[in-house]
Amino acid sequence: MSESYVLLVEDNPNDELLTLRALRRENIANQVVVLRDGQEAVDFLFGTGAHAGRDVSVLPQVLLLDLKLPKLSGLEVLERIRADDRTRTLPVVILTSSAMDRDIVEGYRLGANSYVQKPVSAEEFKEAVQRLGLYWVLVNKVPVTS
Amino acid sequence: MREQNADLLLSRAKAVVWIVLAGIVTFSAAKAWFEPSTGLSWYVPALVLGVTQFVMMALLQGHPTPRQTERILLLDATAACAIIAWLGIASGRSTGSDFFLLGVAINTAAVVPWAPKRQAVLGFVAAAAIIANGYGIHGSLLHSVDFRTFVPVVVLIGASFYTSYSMEAARLTSARDQLLRERAEAETSELNSLLERRVVERTKELQAANDELEAFAYSVSHDLRAPLRAMDGLSEALVEDYADALDGTAKDYLGRIRSEASRLGHLVDDLLGLSRVTRALMKRQEVDLSGIARTIAEQLQLAHPQRVVEFAIDPDLRAECDGPLVRALLENLLGNAFKFTQRNPAARIEFGRAAHDGKSAFFLSDNGVGFDMAHAGKIFGAFERLHGSEEFEGTGIGLTTVDRIVRRHGGTIVANAEPGKGATFYFTLSPAEKTIL
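So the sequences go chain by chain: A and B. Residues in the first sequence are numbered consecutively from 182, following the numbering used here. Residues in the second sequence are numbered consecutively from 111, following the numbering used here.
With a cut-off of at most 20 Å between alpha-carbon atoms, the simulated DMTMM-like pairs for lysine to aspartate or glutamate come out as follows:
| no. | chain 1 | residue 1 | chain 2 | residue 2 |
| --- | --- | --- | --- | --- |
| 1 | A | K249 | B | E324 |
| 2 | A | K249 | B | D333 |
| 3 | B | K361 | A | E304 |
Keep in mind the hints are simulated off the structure, nothing from the lab.
Could you put together the complete structure from these sequences and hints?
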């Protein structure tokens, strides 16, 4: 695995395809790890369950987190991430279809760094994902992991 | 007035009876003591009756409950019957014991607890006892040796019945009134508690329905968007990635799929907006409408840099209203004005305050395509559109949302338009009498 990568937690295969396609255009698709439910995301980050024994010291540049996920919801995943010292500062971008106020409020309350509603329009969706990729992978700085 | 007169009469009668009673009791007691031969047969009963009447009137004077009143009157009637019997026996006539038995029968009938009929029974007892007494006295009179002796007994019995039953009548009337009042109060409070229970139940049902609607809106927001995004995104990917393999018709078809997906996306957003407007809690506070309108105008300009539109926004528009709701209202109205002026190279949109229909109202006017006032009744209905979707985009929900926001504020909204000249919307954000001037 390369040193710098993006973690995408997304259960909808079409959204995954469109997200990866958009990121590929910006040449960052090869650095994307895709997980399909909330439990897997937690296991991956903390080296538990199916990912037991994984070296968890290298954090992703950014976590793109859907909210409506099987097993553990995005908000539950976020809560666990913020409760653990190893992942407390991990940049988390909520990328979801939901535009409900309570999701936005709850997302920020639990410590999300950004909240992006997936646009329905193909162009807007592509643009949003590409901007996210460019900003969080290329522009944004995260602490060098020890 | 009549009631007062009756009260006065009653109290005077009572006073007379008190005096007469006192006189008779003293007189009878003296006679019974000094002339034991006749005294025992005539004055002792008179004395006994006098004392009973005294006790009864004293008891009635102490404002007994209706139930106690009944008992006192029964005691009185029983005593009267016993005296009559005594007189009958003393006068040597068998009728005395007949009347005694009649009195006992009547009194027994009166004590039987036919609660609802109690008043009627008492009335009957009263009437029967008076008749019985009358006959008793009549019978006694015939056998009287001493007319003088008999007079006090007649006076005593007549007066005692007059007072006790007129008192009873007054007492029973007030008792009946009180009973009716208590019953009415009980019914009212029962109805009230029923009403309260219903309100609680309905509120719960409404809350449940509201929660369900919220969950539904959430699903719509989340689950309806995803497939639309896939339709649009994959069609776009097809056009982009397989441009060489697709001819013009194929691309046109894909374009149509995409535009429909996008239309449905907007519809979902607008419907969600409408449901949010309907359910959102309202919080009135001082809101700077001018500021909100300026921000929206800037956003519209930013999103359509090719358009040249002059915005004339009155700088001091303020109102006591719900900020987020009124922002949604202005977004819809300004968005419409912006949309319908797109063919006018000198587009002008004005937002201010003016008198309309004798009241101060906010107005938002444009010099766009306008519409025929013949269709004005339709514009606030959901999904109603006055323009084809090829002409102007739209879902037909915007003005429904606006109307609902205005109505939630207790205000009104009317449109004034002319085809080709533009449209003006007048609206208020509070009930007429409270309109801020």
